[in-house]
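Novice: Turn these sequences into a full structure, and let the hints guide you.
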Amino acid sequence: MKAKTIDVIIPTYHPGQEFAALLDRLEKQSIPVRKILIMNTEEKFWNAEWEKKYSCLEVHHLKKEEFDHGGTRKKAAEMSEAEIMVFMTQDALPADTKLIENLAQALEAAPDIGAAYARQLPNPACSYVEKYTRSFNYPEDASVKSKEDLPVYGIKTFFCSNVCAAYKREIYGSLGGFPRRTIFNEDMIYAGTLIQNGYRIAYAADARVIHSHNYSCMQQFRRNFDLGVSQAEYPEVFGMASSEGEGVRLVKKTFFHLLKNGKIWMIPGFIAQSACKYAGYLAGKNFRKLPRRMILFCTMSRDYWALCGKSSR
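Using this note's numbering, the first residue of the sequence shown is number 87, and each one after it goes up by one.
Hint data in this document are derived by calculation from the structure and do not stem from the laboratory.
Watch out, some of these pointers could steer you wrong.
[Claimed, not checked] Simulated crosslink set (SDA-like; lysine to any residue; CA at most 25 Å straight-line):
{"id": "1", "residue 1": "Lys160", "residue 2": "Glu187"}
{"id": "2", "residue 1": "Lys242", "residue 2": "Val215"}
{"id": "3", "residue 1": "Lys371", "residue 2": "Glu187"}
[Stated by the list, open to error] Derived CB-CB ranges, DEER-like:
{"id": "4", "residue 1": "Leu336", "residue 2": "Pro118", "range": "16 to 22 Å"}
{"id": "5", "residue 1": "Gln103", "residue 2": "Ile353", "range": "32 to 38 Å"}
{"id": "6", "residue 1": "Gly331", "residue 2": "Ser221", "range": "16 to 22 Å"}
{"id": "7", "residue 1": "Lys346", "residue 2": "Asn223", "range": "16 to 22 Å"}
{"id": "8", "residue 1": "Pro118", "residue 2": "Ala195", "range": "48 to 54 Å"}
{"id": "9", "residue 1": "Ala318", "residue 2": "Ser221", "range": "40 to 46 Å"}
{"id": "10", "residue 1": "Ser260", "residue 2": "Glu135", "range": "38 to 44 Å"}
{"id": "11", "residue 1": "Ala228", "residue 2": "Leu143", "range": "27 to 33 Å"}
{"id": "12", "residue 1": "Pro210", "residue 2": "Lys338", "range": "25 to 31 Å"}
Glycine included, each C-beta is placed from N, C-alpha and C at the ideal position.
Specialist: Structure below.
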């Protein structure tokens, strides 16, 4: 593969030791990163010592009310001149020194591949159910999906995660990139645009990051509320395929996995979490019917609603 210039773009908020470990591992990658572009929310939470230690850092500060999942990343992309842009979150830790190399190889495997996303491995503190969910969403085998796969894979066709994903800058620019305003899901909104325009998306199973969460029921409800809102606001993308079928498949497979492995005591908690996810998702899909006070109770992103009415588009 001909060497390409690569920038890594990371939005941060109150970054700590986990982020410092991420920077250390990015510095030790098998192929060099040209620049690590940081979009940091609230300068008071930033450790300026990192800029002295890591010469490739370029830091831009913004206020909390200015942050947007799509707009902040879009602004960062406009600052990058690299041929490949790798977007990460501050809590994603490269599993080895080959992360960037493997991600770039998957992206460059064919001219019509516009995005490639990494495999997410559970961290040591991850719950049993979350570990299985990670294996469902991020299997061992790599794949490449296109518009022709929609009848088979549904919404999974344009699944992509900015926890760790690479994009060809030329294609990204030609399609307009991430939306300027979105509560969530900017990665899949753009991935849907790629699919609609005849490009393909690669899942790079050998490009691995350690990333997982143990969300409570209420956190699951709120996260899925925002997910539902994003789908309601971008029907031209999410109207291509239903999300419900894939969600039901995950619930069924997880339920029988718990039964098969004798984890029966985990089933009530799993059912409760699944119910909260679905309730949040349904509420988000129908957010325009809800009073503003209810929306603010349901969302994880109150600042998003402070800057818009019942729709940002």
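Novice: Give a verdict on every hint.
Specialist: Structure-based check of each hint:
1. For the proposed pair Lys160 and Glu187, the alpha carbon gap of about 23 Å is at most 25 Å, so the pair holds.
2. Restraint check for Lys242 and Val215: satisfied, since their Cα atoms lie roughly 20 Å apart, inside the 25 Å limit.
3. With a C-alpha separation of about 38 Å, the suggested pairing of Lys371 with Glu187 is violated against the 25 Å cut-off.
4. For Leu336 and Pro118, the hinted distance range of 16 to 22 Å is not satisfied, since their beta carbons lie about 38 Å from each other.
5. The hinted range of 32 to 38 Å is satisfied by Gln103 and Ile353, whose Cβ atoms lie roughly 36 Å apart.
6. Look at Gly331 against Ser221: about 19 Å separates their beta carbons, and that is inside 16 to 22 Å.
7. One distance hint, 16 to 22 Å for the beta-carbon pair Lys346 and Asn223, holds here, with the actual separation near 19 Å.
8. For Pro118 and Ala195, the Cβ-Cβ distance of about 21 Å falls outside the hinted range of 48 to 54 Å, so the restraint is violated.
9. For Ala318 and Ser221, the hinted distance range of 40 to 46 Å is not satisfied, since their beta carbons lie about 29 Å from each other.
10. Ser260 and Glu135 have their C-beta atoms about 39 Å apart, which keeps the hinted 38 to 44 Å range intact.
11. Checked against the hint of 27 to 33 Å, the C-beta distance between Ala228 and Leu143 comes to roughly 31 Å, which is consistent with it.
12. At roughly 28 Å, the beta carbons of Pro210 and Lys338 sit within the given window of 25 to 31 Å.
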